[in-house]
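Given chain A, put chain B in place with the hints provided.
2 protein chains.
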Amino acid sequence: MSKLIYAFNDENSSGKDLLGGKGANLAEMTRLGLPVPDGFTITTEACNAYLASGESLTSDLLEELSDAILSLETRTGKTFSDEDNLLLVSVRSGAKFSMPGMMDTILNLGLNDENVEKLATKTSDARFAYDCYRRLLQMFGEVVYGIHMSVFDTIFESYKEENKYELDTDIPADGLKEIVEKYKEVYLEETNKTFPQSPIDQLTEAVEAVFKSWNNERARIYRDLHDIPHDLGTAVNIQEMVFGNSGDNSGTGVLFTRNPSTGEHKLYGEYLLNAQGEDVVAGIRTPQEIEVLNTQMPEVYEELVGITKNLETHYKDMQDIEFTIENGKLFILQTRNGKRTASAAVKIAYDMVQESVISKEDAIMMVDPKSIDQLLHPQFDDKALETAERISEYGLPASPGASTGMVVFSTERAKALGEAGEKVILMRPETSPEDIEGMVVAEAIVTTHGGMTSHAAVVARGMGTCCVTAVSDLKIDGENGVATYANGVLKEGDIISVNGSTGQLYLGEITKKDQEQSTEFAEFMTWAKEISRMDVRMNAETSKDINAGFEFNASGIGLVRTEHMFFQEERLIGMRRFILAQNHAERVAALDTILEYQQSDFEEIFRLSGERPVIVRLLDPPLHEFLPNTENEINNVANQLGVTTELLKSYITNLNELNPMLGHRGCRLAITYPELYEMQTEAMLKSLIKLKEEGIETNLEIMIPLIVTAEEYKTLSDKIKARAESIEAEAGVTVNYTVGVMIETPRACLTAEEIAPLADFISFGTNDLTQLTFGFSRDDAGKFIGEYVDGALIETDPFQSLDINGVGQLVKMAVEKARAHNPNYKVGVCGELGGDPRSIQFFNDIGMSYVSCSPYRVPGAMLAAAQSVVK
Amino acid sequence: MSKLIYAFNDENSSGKDLLGGKGANLAEMTRLGLPVPDGFTITTEACNAYLASGESLTSDLLEELSDAILSLETRTGKTFSDEDNLLLVSVRSGAKFSMPGMMDTILNLGLNDENVEKLATKTSDARFAYDCYRRLLQMFGEVVYGIHMSVFDTIFESYKEENKYELDTDIPADGLKEIVEKYKEVYLEETNKTFPQSPIDQLTEAVEAVFKSWNNERARIYRDLHDIPHDLGTAVNIQEMVFGNSGDNSGTGVLFTRNPSTGEHKLYGEYLLNAQGEDVVAGIRTPQEIEVLNTQMPEVYEELVGITKNLETHYKDMQDIEFTIENGKLFILQTRNGKRTASAAVKIAYDMVQESVISKEDAIMMVDPKSIDQLLHPQFDDKALETAERISEYGLPASPGASTGMVVFSTERAKALGEAGEKVILMRPETSPEDIEGMVVAEAIVTTHGGMTSHAAVVARGMGTCCVTAVSDLKIDGENGVATYANGVLKEGDIISVNGSTGQLYLGEITKKDQEQSTEFAEFMTWAKEISRMDVRMNAETSKDINAGFEFNASGIGLVRTEHMFFQEERLIGMRRFILAQNHAERVAALDTILEYQQSDFEEIFRLSGERPVIVRLLDPPLHEFLPNTENEINNVANQLGVTTELLKSYITNLNELNPMLGHRGCRLAITYPELYEMQTEAMLKSLIKLKEEGIETNLEIMIPLIVTAEEYKTLSDKIKARAESIEAEAGVTVNYTVGVMIETPRACLTAEEIAPLADFISFGTNDLTQLTFGFSRDDAGKFIGEYVDGALIETDPFQSLDINGVGQLVKMAVEKARAHNPNYKVGVCGELGGDPRSIQFFNDIGMSYVSCSPYRVPGAMLAAAQSVVK
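Chains as they are written, first to last, in the numbering used here: chain A, 1 to 871; chain B, 872 to 1742.
Pulled out of the complex, with its shape left as it was, chain A reads as follows:
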């Protein structure tokens, strides 16, 4: 049996896997000589053993726990019963990955009816002692026995009201004593148990509660959201209490070594005097900015600054530190890599390279590719802001962004409306872990309480959701569904705009402008591009998108969807004539009317791209998508085409398919109607020739979609090449083009060794390939895919992140087959999974030449590609 408990100063103590992030840090800080309160850590293995054994504590663990306490008592010179040196401890969860607010914490453990008096006597402060005790009763009751916090809160607030106390600190010791008695009655009423008086019983029950909390619903949701495996387990840290609420010479605070919102290199944090940690985080009292400590306690501040510098150099990353001051003495309770906004992440990474603290590769690893999106989203237009009606004078810019949506006051309504497709702004006095689901669907989160480190702020930054906190001049009445502000009232459904970068709220919708990227970001992205092995292309066909993608340094275009060019009015007529044509000549005549449009569309794309490669996918959707649906449209179109409504309807019926996804589409259309791809080839070649005559070099890659057999590919590519050659011959000019295959059926993957040698390149269409590998239609699977993800029946939604075991295996097989005779064969990915970091890692590992995604996902993909190399 391996060791289940490690003291913080244990020389053999292990890493995060076993001790959790918090435990490993406490051990590391202890080794660094920092002023950390003494304690020990129960390992994640102990937690897993507990959960695996049907939730019972093993005798091994109980023995080790008893030894660890004896040893802690020896080291601190305190015991759970000593009158002069009373030992009180905190019990905190600490998993491998930080899960703020998700797991449970109990402070002041060890207090009981006797010890509270000892503490009162020793500190000559009965009020403090009873405040500690009532806090213990409250937290223990909630965490261990599941008594709802509001039960205690009601008693506490009623007592304050009855006795006309304004602040918590106004309540005298006797009052707290009275409250403690009432709290103890609650235990009896709610659970039929008394509060355990033995500190050891308290401790073992608390440890069990932490273990159990690993599997509570909020924790599971958080892990799903952050791709954290469910089988890691949590460690438990038991640590000597130090008291920030020991009087006005005490206090507690949290700080970041750099600004987590902007990345500015300056301490950023908050503290409260005469308070315990949760007072800061919960956001009930508004804390002081950290600089103020320099005037209130200059020596402590100086010590703190020194420690933060050491920690940053040691961890090579911005730190998020919790500290407590007990009677003028500084204790560091916790340090960890700080969460930050995307722009802060980029600035911190950039600055730390400039400061020679880290390498460019380190810097690349410090920014989450998924967060890059935040930097690229539009901001409110400045002019529009000038005239917009402001709702509030206060509000902290807790997570940047600019969002507009309808106000909702509860997670339930946020979910209901959000899932119905509405954009919602979740407005709450403060948020708690119960609100996670509402926060996930919200466009923005607004709270009236709490600071920059409140639950709402931390979680919103993690999700990249716009957030404003501490809007203290807005009063929320959740029960009646209204929020009152200086000049009016907001009801559910009212539209407001939230500026997470300034902390301002506005009535109504505000127009947005495009985001400008910082020079740090631009420089950072060039590092990413340098480090990447794979190219990143964009999926785009409009000038606007193409320009955006090239601004983000896309290497080329990985997918031009030509069907988008058929849907404008005048082209649609041509396409419909084509569908109704009776023979080859009529089909050619109909397509001729589209040819010119296609040619000028292509010319624009090729002109913007120049020598950068452009993959054009030939027409893909089934023909019925080009025919009208409603009775009215059918009549109009029949008129336009000069046919009877009956005839048109017969075509519509005839083209109707039971499973269009598996029907007459993609290159199958061109097997039946070769004219289609011949026309598109003609349009492309003619525009290439025109550009060449203007002196513009181009690099076209023609792609045939939905191939299932080598013979099918050969038939079509021969026809395309023949048409291209005849157009070149006619013009007396040769241009630069290749022909390749889009692999999106399992069969094409399985037979890639036959197909690849006939083609110049392969591009994987991961969307269709995923649909066919699973037998999941993207359109229909929505009904059940959630159940599959929630029930852990599939690892991730395979349309959002590559199914590595299944679809990935097919892709890998196809790449290997294609490369069997030519190790440099060009293979890429053009499905949207090409923008997903986890998928990009896989594509890098199997040697993909490039990935392609929508323009705004290009920087994130580029960063993920770089990280894939560094990893």
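Since the hints were made in silico from the structure, they are not lab data.
Accuracy of the hints is not assured; some may be wrong.
What the hints assert, rightly or not - Dumping the calculated DSSO-like pairs for lysine-lysine here, alpha-carbon to alpha-carbon at most 27 Å:
(1) A:309 to A:16
(2) B:887 to A:812
(3) B:1683 to A:817
(4) B:1241 to B:887
What the hints assert, rightly or not - Beta-carbon label-pair distances, calculated as ranges:
(5) B:1366 to A:633: 44 to 54 Å
(6) B:1661 to A:586: 18 to 28 Å
(7) B:1691 to A:734: 33 to 43 Å
(8) A:651 to B:968: 41 to 51 Å
(9) B:1593 to A:511: 40 to 50 Å
(10) B:933 to A:722: 31 to 41 Å
(11) A:229 to B:1453: 27 to 37 Å
(12) A:217 to B:1453: 20 to 30 Å
(13) A:198 to B:1691: 51 to 61 Å
(14) B:1435 to A:792: 31 to 41 Å
(15) B:1691 to A:869: 29 to 39 Å
(16) B:1691 to A:586: 54 to 64 Å
(17) B:923 to A:870: 49 to 59 Å
(18) B:1453 to A:511: 41 to 51 Å
The beta carbon of each residue, even a glycine, is placed where N, CA and C say it ideally should be.
Just chain B now, kept in the frame of chain A:
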């Protein structure tokens, strides 16, 4: 360069691949010392080289050809110009596989304006010489220059009419001379060329024409129909002519060494005196039965009987022989394994084992599994036949079977109506290769001319299509679309019934009785079952089907489709209530109304099967299949269920899917509604328990469809097992069942190493697997799959015969993954491909435990399974 020409007596001559079937036989017969006219064979390689080189004869070939002729002239002592010993030759195609009537033949080659006179002088028979010449002109014109036969026929028939000649043989030499001159004019008119006078030019042009004919459309259709590859090429046989039309002491005939229709061990054939071969086959003159030759030419008959015995012993198979008698001397022109009906094949194979000519394994290989179907088809009911109105007094039973359908008089109409889903009877004076497409779609073929070896008869037997020939008292007027018989007139669309086993035609539809199998067949099938390694199960759920399958010796049931049990009125209501239920309790209540029905259905199936294994597939189709479609039905059902029409419609809309094949179906339903599979499990377990209590042992295998991940399978199988255990516990009885997985998605194949260890067995659903691997919906792919097969873009229709390269690769991979840790893991196939011989061969080779198919396909599958082992 390998040798391109082999003389028949060449000691180094090769096999069928190079010489074709006919050439190899001629060489073999020559070596056996049979009286074969001398000659040589141009190889299939020469044909392929010709086709590959863009259809030009290589100088190598021309040189070898010239040498071969010189050598033939030396051996025979004849030359192309010798006055006394004039050499004339036949030119015939001969591919590796016999393709009757498909390829072209030219006789009398070497005749020209001079040689015809030499022949006339030498034989003192100018009529004979000019008849040969006009035949050459006619055949050469058609085969080499593509002049339509009817052009020559019209001239010939007009001449007969003008001169009042009734029979061809009535025309004197001068008449034929006149006709020859007219024929030569036709050459000039139709092609602007004269008939080549040089025998060598005739020969090279004829060889080219044979080479080209390999790729004519009729040949391609025949090959597609018989799964013959298109790249084999044909050999060309050039052989000294002998003349069956040299006078009344000459003749020609064809014979089978056993009866090709019944298998009876007795010579079976026809001959004509003073005629050439095509006169017999074309069916224009009605030939004599072979026994008559014994009276007309007893010595020749005796020699013939001796030769047939030798040939059968030598080739170990029934032979199809062509012979010619020239002035009393017998020549064997050709021998090959004879085509035969399925019942003849079985009887011949059985008899030859009894005669100790062949082994049981040889016997198994002599019957085509695809033909077995013919033996199982119903026959007309005897009683019904007694009162049925007969159309004709004559008619030969050319290919057995009993068919009813509507009369059509042309291939075009047969195709049009056949493809529209009508059953058609193709009625023609005689058939020719141009009629192939019509014959393929016809239920039966009726001709007024021709015998048992006519084109119609041979082709129909090959396809297993019912056929009656020589209905001489029926007069067909194709132009006016009527056929006149003694008592009336048939028009297109009239319904008739055709008995291919007796040669009778009847007006209207006649009821059929079930076919009884011969004892030879039963014995033959036990050999097949003994030799097979794989089991053959049936897909069935009705008592009738299950009984049929067990009569065919099926080893068990490979697929019970439980959805078939939900569609009866009273169950459908329950199912609809289930769909409309609001919660678990309502769902369970609705399913409870179906439970009893399911239980009694299962009881019936398990009772019939006893200890033989039965795979029950849990509910598979999407729920919308259980809801009504039409406005009227919707109203009725809403009434029945006591809900508003609007509500019911909203459910229908809600369940509607864009691609139901890829939607909420299969086990996905049970993920959402576990109650479904739990109810089915309860029904199965309760019926097993009841049977066990009656003392009946059973062997249930529960199968979960459409699995994509191991976790999904585990979740569902755990629930099924839990429910089963609780029912066993309740009854205090344990029963025999296992739970397994239906693999029908590519992903399940790719991850079979994860899924298989959790399951007791795997059964592959090849239909869905094929749909997903190709991205072809069976319902929609009909629109283009024909183009794919015709254009050779896919090897075969993958829904009819396994796509070995793609789908087969996935299946093989999954079998290997499943067997990695357990070499005996049970794997089977339950898609309809389990009845296809080519697919069965593959399944045998990759170690499948069993295949399963519809009951009437069981014997064919069993035979194919046995052949797989012998091969």
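A quick look at each hint next to the structure:
1. With a C-alpha separation of about 23 Å, the suggested pairing of residue 309 of chain A with residue 16 of chain A holds against the 27 Å cut-off.
2. Of the pairs offered as hints, the one joining residue 887 of chain B and residue 812 of chain A is violated, with about 43 Å between alpha carbons and a cut-off of 27 Å exceeded.
3. Between residue 1683 of chain B and residue 817 of chain A the CA atoms are separated by roughly 17 Å; this keeps the pair inside 27 Å, and the hint holds.
4. Taking the CA atoms of residue 1241 of chain B and residue 887 of chain B, the gap is about 24 Å. The hint holds against a cut of 27 Å.
5. For the hinted restraint 44 to 54 Å between residue 1366 of chain B and residue 633 of chain A, the CB-CB distance of approximately 45 Å keeps it satisfied.
6. Between residue 1661 of chain B and residue 586 of chain A the CB atoms are about 23 Å apart, so this pair conforms to the stated range of 18 to 28 Å.
7. Separated by about 53 Å at the C-beta atoms, residue 1691 of chain B and residue 734 of chain A break the suggested range of 33 to 43 Å.
8. For residue 651 of chain A paired with residue 968 of chain B, a C-beta distance near 43 Å keeps the hint of 41 to 51 Å intact.
9. Between residue 1593 of chain B and residue 511 of chain A the CB atoms are about 58 Å apart, so this pair departs from the stated range of 40 to 50 Å.
10. Here the CB-CB span from residue 933 of chain B to residue 722 of chain A is close to 33 Å, well matched to the stated 31 to 41 Å.
11. Evaluation of the 27 to 37 Å hint for residue 229 of chain A and residue 1453 of chain B yields a pass: the beta carbon distance comes to about 36 Å.
12. Hint check: residue 217 of chain A to residue 1453 of chain B, Cβ distance near 24 Å, so the stated range 20 to 30 Å holds.
13. The given range of 51 to 61 Å is respected by residue 198 of chain A and residue 1691 of chain B, whose C-beta atoms sit roughly 55 Å from each other.
14. Residue 1435 of chain B and residue 792 of chain A have their C-beta atoms about 34 Å apart, which keeps the hinted 31 to 41 Å range intact.
15. For the pair residue 1691 of chain B and residue 869 of chain A, the supplied restraint of 29 to 39 Å holds, since their beta-carbon distance comes to about 34 Å.
16. Checked against the hint of 54 to 64 Å, the C-beta distance between residue 1691 of chain B and residue 586 of chain A comes to roughly 57 Å, which is consistent with it.
17. A hinted range of 49 to 59 Å holds for the C-beta pair residue 923 of chain B and residue 870 of chain A, which are about 54 Å apart.
18. Remark: the range hint 41 to 51 Å for residue 1453 of chain B to residue 511 of chain A is upheld by a beta-carbon distance near 45 Å.
Checked against the numbered hints given earlier, this structure breaks hints 2, 7 and 9; the rest are met.
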